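K.L.:
Note that the first sequence covers residues 1 to 287 in full-length UniProt numbering.
By construction, these hints were calculated from the structure, which means they are not laboratory data. Note that the structure is predicted; figures quoted are calculated from it, not measured. Some hints could be false.
To be verified - DSS-like cross-link-like pairs, simulated, lysine-lysine; straight-line CA separation at most 27 Å:
| no. | residue 1 | residue 2 |
| --- | --- | --- |
| 1 | 185 | 137 |
| 2 | 27 | 60 |
| 3 | 251 | 269 |
| 4 | 284 | 273 |
| 5 | 272 | 58 |
| 6 | 137 | 98 |
| 7 | 185 | 209 |
| 8 | 284 | 269 |
| 9 | 66 | 98 |
| 10 | 97 | 243 |
| 11 | 137 | 27 |
| 12 | 97 | 284 |
| 13 | 284 | 222 |
| 14 | 60 | 222 |
| 15 | 27 | 58 |
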Amino acid sequence: MPEMSNDSFQRDTASEFVETFTIARDKFSSNHHMKVAHFHDFYEIYYSMTGEKNYFIKDKMYRISKGDLLFINPYELHKATSTSRLERERVLVYFQKKWFGTKSDLLLDPFSPFCSGSPVLSLHVHEQRFVEELFHKMIDEYRSRRRNYLLCIEALLSELLIFAIRCNERRLQQPVEEQHSLHPKVIEVMQYITRHYEERLTLGLLSEKFSTSPYYLSRLFKTMTGFSFVDYIAAVRIMEAQKLLRDTNQKVTRIAEDVGFDNLAHFYKTFKKLSSASPLQYRKMHR
DNA sequence: GGTGTGACAGCATTCGCATA
DNA sequence: TATGCGAATGCTGTCACACC
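Hey, can you work out the whole structure from these sequences and the hints?
P.N.:
Following this line, the structure appears as structure tokens:
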């Protein structure tokens, strides 16, 4: 495996704005965590080179270790937490569907890890070498900015996706190994929040509804998902608000109300925290 | 009027620890 | 594994104000 560059870019915040394509390989200590539940409007591919971490995606927790490829769709809620004290090394690829042009059909392939089976592909050693070589070439092109480098990266990314689709197809034909599921109570609570985000939701109300202690529910939620009860509710509400801002012409005040915020000032603060833009700025950026 | 921000008080949530 | 308690933290709602 050739030595890759140590590029880095702003990461693990919902503020990332990726216009076309970004790639980076970086190292970071176990102290580094995503601070909040996290989602964005671009595709993400994560490759783990060393270390271990738990990755919460949508409503499941996955244990990620060396040689694992992870595929995250736009607007999919995710958050990573470290499980070891060791330094970790990873490659991250972010790209927009529109940039990927006609090849974006690969994203919708029935065997694409973006849309079928588990979002995690655990690679054998020879497969890891192949994928790392592709990443190395992508990073080299990305850094050098030589003539037609984006076309070259597009071809390399297509090769990576085709490889992933074939791996996934083979895997789906074999007996499925169950991923790390969340505690049933946590799943129930999450599903309830997703269906009732516009209502008033407190730890007290939900612990009563699901016959458990608020202390225990709060702790269980944090342990299982990596983020707190209130973080999750805020993320679900802001995702819905973003959807309404993109797809409708409703006023911000109305949207805030519709997604469950009693208080407008609080809505603005939470929206900015998770989207790094005010509601109207967000609407302009996504129209 | 609609949008956006800051200060502040009250209280819901989280954390650390203990117990069954 | 599940729960409870006290203390600390920080989220939430209210109000005031500025800008367009």
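K.L.:
Need the status of pair residue 97, residue 284: alpha-carbon distance at most 27 Å?
P.N.:
OK: residue 97 and residue 284 at ~19 Å, within 27 Å.
K.L.:
CA of residue 185 to CA of residue 137, is that 27 Å or under?
P.N.:
violated, 45 Å
K.L.:
For a C-alpha distance cap of 27 Å, please report whether residue 185 and residue 209 respect it.
P.N.:
holds, 11 Å
K.L.:
CA of residue 66 to CA of residue 98, is that 27 Å or under?
P.N.:
The given pair, whose Cα atoms are some 31 Å apart, is violated under the 27 Å limit.
K.L.:
Keeping to a limit of 27 Å between CA atoms, is the pair of residue 272 and residue 58 held or broken?
P.N.:
Holds - the C-alpha atoms of residue 58 and residue 272 are around 22 Å apart, at most 27 Å.
K.L.:
For the pair supplied as a hint, residue 284 and residue 222, confirm whether the alpha-carbon distance does not exceed 27 Å.
P.N.:
violated, 34 Å
K.L.:
Does residue 97 pair with residue 243 here, judged by a C-alpha cut-off of 27 Å?
P.N.:
Between residue 97 and residue 243 the Cα gap is close to 17 Å, so the pair holds against 27 Å.
K.L.:
Between residue 284 and residue 269, does the CA-CA distance stay at or below 27 Å?
P.N.:
holds, 18 Å
K.L.:
Is the Cα-Cα distance between residue 27 and residue 60 27 Å or less?
P.N.:
holds, 25 Å
K.L.:
Could you grab the alpha-carbon distance between residue 60 and residue 222 and see if it respects the 27 Å cut-off?
P.N.:
The hint holds at about 13 Å.
K.L.:
Decide if the proposed pair is consistent with the structure: residue 137 and residue 98, CA atoms, cutoff 27 Å inclusive.
P.N.:
Within the cut-off at roughly 22 Å; holds.
K.L.:
Below or equal to 27 Å on CA atoms is what counts here, so check residue 251 against residue 269.
P.N.:
OK: residue 251 and residue 269 at ~17 Å, within 27 Å.
Checked against the numbered hints listed earlier, the structure breaks hints 1, 9, 13; every other hint is satisfied.
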